[in-house]
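K.L.:
Taken in sequence, the protein lines are chains A and B.
Note that our numbering has the first sequence beginning at 1, numbered continuously upward.
Note that our numbering has the second sequence beginning at 1, numbered continuously upward.
Hints were generated in silico from the structure; no laboratory data involved.
Even for Gly, the Cβ is constructed at its ideal location relative to N, Cα and C.
Hints are not guaranteed to be accurate.
[As the list claims (entries may be wrong)] Sample of chain A residues at the chain B side, in silico, Cβ under 8 Å: (1) Q10; (2) C154; (3) L246; (4) L323; (5) A522.
[Unchecked claim] If you want a taste of the chain B side facing chain A, the calculated C-beta under 8 Å gives, among others: (6) G15; (7) L17; (8) D18; (9) E40; (10) G54; (11) G58; (12) Y60; (13) R62; (14) I107; (15) R110; (16) V115; (17) C116; (18) R117.
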Amino acid sequence: MSRTAPLHRQLGLTDGELDDIRSTLGRDPNPNELAMYAAMWSEHCSYKSSKVHLRTLPTEGPSVLVGPGQDAGAVDLGDGLAAVFKIESHSHPSAVEPYQGAATGVGGIVRDIISMGARPVALMDPLRFGPLADERNRWLLGGVVAGIGGYGNCIGVPTVGGEIGFAAPHSANPTVNVMCVGLAPADRLVTGGREVHEGALLVLFGAATGRDGIGGVSVLASRTLEEGAEERRPSVQIGDPFAEKLLVEASLELVERDLLEGLQDLGGAGITCAVSESAARAGMGAELDLDAVPLREPDLEPFEILTSESQERMLAIVDPERLDDVRAVCERWGLTTAVIGRLAEGGRLHVSADGATVAEIPARSLTEDAPVYTRPMTPPDESTDVLADDPTFAAVTTPVDEAFVALLRSPNVASKRWVWEQYDSIVQGGTVVAPGSDAALVRIEGTLKALALSTDGKGRFGALDPYLGAAHAVAEAARNVACTGATPLAITNCLNFGNPERPEVMWQFAQSVRGIADACRAFETPVTGGNVSFYNEAGVSAIWPTPVIGMLGLIEDYRLAVRGAFEGSGSWIYLLGETFAELGGSEFAEAVLGTVAGRPPALDLERERRLHGLLIEGARSDLFESAHDCAEGGIAVALAESAIAGRTGFAASLPGDVPAHVGLFSESASRAVVSVVPERANELEDTAEAMQVPWFRLGETGGPNVVFDGLFEMDVTEIADQYEGAIPELLAG
Amino acid sequence: MTDRPPRVGVVTFPGSLDDRDALRAVRFMGGEGVPLWHAERDLRGVDAVILPGGFSYGDYLRCGAIARFAPIMDEVREFAEAGGPVVGICNGFQILCEAGLLPGALIRNRQLRFVCRWVDVRVETSASPLTGEIVAGDVLRVPVKHGEGQFVASAADLERIEAERLVVFRYCSPDGSPSDEANPNGASNAIAGIRSEAGNVVGLMPHPEHAVDPDVGATGGQPMFASLLSIALARAA
Chain A
1 MSRTAPLHRQ LGLTDGELDD IRSTLGRDPN PNELAMYAAM WSEHCSYKSS
51 KVHLRTLPTE GPSVLVGPGQ DAGAVDLGDG LAAVFKIESH SHPSAVEPYQ
101 GAATGVGGIV RDIISMGARP VALMDPLRFG PLADERNRWL LGGVVAGIGG
151 YGNCIGVPTV GGEIGFAAPH SANPTVNVMC VGLAPADRLV TGGREVHEGA
201 LLVLFGAATG RDGIGGVSVL ASRTLEEGAE ERRPSVQIGD PFAEKLLVEA
251 SLELVERDLL EGLQDLGGAG ITCAVSESAA RAGMGAELDL DAVPLREPDL
301 EPFEILTSES QERMLAIVDP ERLDDVRAVC ERWGLTTAVI GRLAEGGRLH
351 VSADGATVAE IPARSLTEDA PVYTRPMTPP DESTDVLADD PTFAAVTTPV
401 DEAFVALLRS PNVASKRWVW EQYDSIVQGG TVVAPGSDAA LVRIEGTLKA
451 LALSTDGKGR FGALDPYLGA AHAVAEAARN VACTGATPLA ITNCLNFGNP
501 ERPEVMWQFA QSVRGIADAC RAFETPVTGG NVSFYNEAGV SAIWPTPVIG
551 MLGLIEDYRL AVRGAFEGSG SWIYLLGETF AELGGSEFAE AVLGTVAGRP
601 PALDLERERR LHGLLIEGAR SDLFESAHDC AEGGIAVALA ESAIAGRTGF
651 AASLPGDVPA HVGLFSESAS RAVVSVVPER ANELEDTAEA MQVPWFRLGE
701 TGGPNVVFDG LFEMDVTEIA DQYEGAIPEL LAG
Chain B
1 MTDRPPRVGV VTFPGSLDDR DALRAVRFMG GEGVPLWHAE RDLRGVDAVI
51 LPGGFSYGDY LRCGAIARFA PIMDEVREFA EAGGPVVGIC NGFQILCEAG
101 LLPGALIRNR QLRFVCRWVD VRVETSASPL TGEIVAGDVL RVPVKHGEGQ
151 FVASAADLER IEAERLVVFR YCSPDGSPSD EANPNGASNA IAGIRSEAGN
201 VVGLMPHPEH AVDPDVGATG GQPMFASLLS IALARAA
């Protein structure tokens, strides 16, 4: 963008948007007002390109307490408890400065949760990078993981899981998403529906405001990264997790003592966003005095104070009579407070500095009047060719035992221990099932309930068929949750895409949203909110369309939770579901044949749902010794992972008359590998039949080897070494 | 003999993270957990004190370097000098070293990365508040989670620590044998925890408070808390 372009264009506003602003104000906006509109009408804040599609998502259900549109969604857990959760992306900042980009992503999502009055109890980090052969990708991975750990470990919220994928299209733009889950008494949720009074004070507390993160939403998050993106480093915020920890404790104490009328985090678009949203929700305006904002450096311009994205700040809406109490709580936690204004009748946001008016805008025009675009869409031309070239029917010369090891060593499949050992996964004492499993389980103190959490995206499937890829992501997330015995309740989604102004990207987006909507309807897991991250591309090379699903489930008694590991010998192993010849978009096709092509596996949502029902029912009756989702790498990898986790071998023969490599590595949907004691095998078979889930007895656990009858066998310790060693070896360069 | 359960105080500094977890572990093992606040000069009559894990004051400057100046630390020092049992876990261990109540220091892990994993430690002596009821040589499974947990000391100090048998816990293989692979941070002599010369102050990098409840993992912390409660009970009597 040329420096000599008109100011509104430099700030990311179009000429048409400027016209809208002029007609709202009845005059030309001044530079401060332009900066405010640019931030609030940015793609990141306004969802102007995605809104028409997001409206089609199912958002209601019996367990939904708070749906999309607030800082985070909330679902009812029974017993007066609510889970609050949301996922967000910090990909753009992480591409420019991986440590701080990822760290501040954690900080931001945690503040979203506390602004609802909930205590953060778990973090999950779904990540995607380019191949590790490239040194820059290794640097990005190392920096992002260190940033997530550096921040998350310091604030006492366990990072209990996530996922990591590697694919060339994510090289220029890594995908860095983070989900946070919190708990609160349902009747204490701080929602926009609270009664707020005219004259209530706007109290800013936490860190001082500086020049960092100016233009974060408009310049960095809402445009394509170009050459020289490093120059955007000043637009990346700097995190201070110690301040965040104090902010968490102070905010929760304020909520617990019922001292607030409202609570808002300061994230994208800073003070402008927090104040305008607070005022607009209350149907009011506000008086805002920038002279009262504590500054890190003295000479900030009004537009900088208004749009700074300095971290670790919150805005409380406080009855003047409660101000002293609020101040006392913040002081006890060593936090600065400042009354920066008050809510006022009339709907206008009036901003003053040095005694003069520097901006005067209808608050609602910032939050509600952003343009909504129905952007053109076209399916990409090459899609047909890619679909035709299906690897399911390719001639395969690699022996299946070699392919098996190649898959276990593929970074998409191999153990991510190197990553999750850098995260504190046990603080707060509730982690029943830790990282490295299908879903994490976090128990709820004082009850036998536990939350089951999974984040899933299906890169290749989405690249080949965005509709199917998105639906598969929801299905896999729900299956992962169901494998533990928990019932899937609701999702949050992070939609990572390229430039929405390109019709083929917009087509991918629309297809993906349709896929999520169909799957969520089928599973009765409504969408409670999420985040859209566009402009993930460099030049004309966009990331794969990557909707990431954050699934939240609930198990009533965590003592009945099912793990993935084979435990002990003599259990019978079953495949639940059916295997078809489906290698399109599979890990086998990419890791062994070197191709990303074909049609992704078919997905029958009703069949999938019946499998979830069986997994949940089986767990409830304590039927399973183990249960593990069958996904990347097919049955072979699923069996191997259960064997490695329990350091217990098995002997298995595969169903059907398909070629060995298809039977082993096909990624047909709606399957899980379970084990039961022989005495309960009949019960499993009967239940599966009653619930209309196909089953096949694969074999038996035990012994030091993994044995695929008639094909090959290997020592379980040896495959564990391959599985565990692959990523550390790649990172060693 | 008194009827009341032993009272174990847990100090919350700004940035303490495992303070609630330590209190929960004390309760789980049958004691009374007493929250203590860094800014107060009051130990509320507790029978033992835990300095919990976390990142007190953000670990800015150096881990534990600022926390040792907190008002409550004067009381903790006095309590320790009078023979009261004091346990520092992770960041608490770092604080005790910074405060001079324990020898040595904790520096960045050998691999320069944070590490969170379950480890095995061998108990080297029964003469500490955490091991009174444990036989030397026993192996306990507990988690570690730290970025700066590599125990170091000058050659002279290290020699003295070994000679005076101040090592309480050493990282080891599950069978108790020494192994470099089992050492999660490169600690000198695989030291995971040490005690003071008087024996009533102990610091360790592993987190026994996260290893008492079988529902969330192994239970190597149980005998440690049982030992602490037992010595606290004796003081309460």
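K.L.:
Could you run down the list of hints and mark each one as holding or not?
P.N.:
Hint check:
1. Q10: 37 Å, violated
2. C154: 5 Å, holds
3. L246: OK, holds: A:L246 within 8 Å of chain B, min 6 Å.
4. L323: 22 Å, violated
5. A522: 33 Å, violated
6. G15: Nearest chain A Cβ about 5 Å off; hint holds.
7. L17: 3 Å, holds
8. D18: Holds, about 6 Å.
9. E40: Violated, about 11 Å.
10. G54: 7 Å, holds
11. G58: For B:G58, the interface hint holds, since the closest Cβ of chain A sits about 3 Å away, which is under 8 Å.
12. Y60: 7 Å, holds
13. R62: 14 Å, violated
14. I107: 17 Å, violated
15. R110: 14 Å, violated
16. V115: 6 Å, holds
17. C116: This hint holds: B:C116 lies near chain A, its Cβ roughly 5 Å from the closest one there, short of 8 Å.
18. R117: 5 Å, holds
The structure shown violates the earlier hints numbered 1, 4, 5, 9, 13, 14 and 15.
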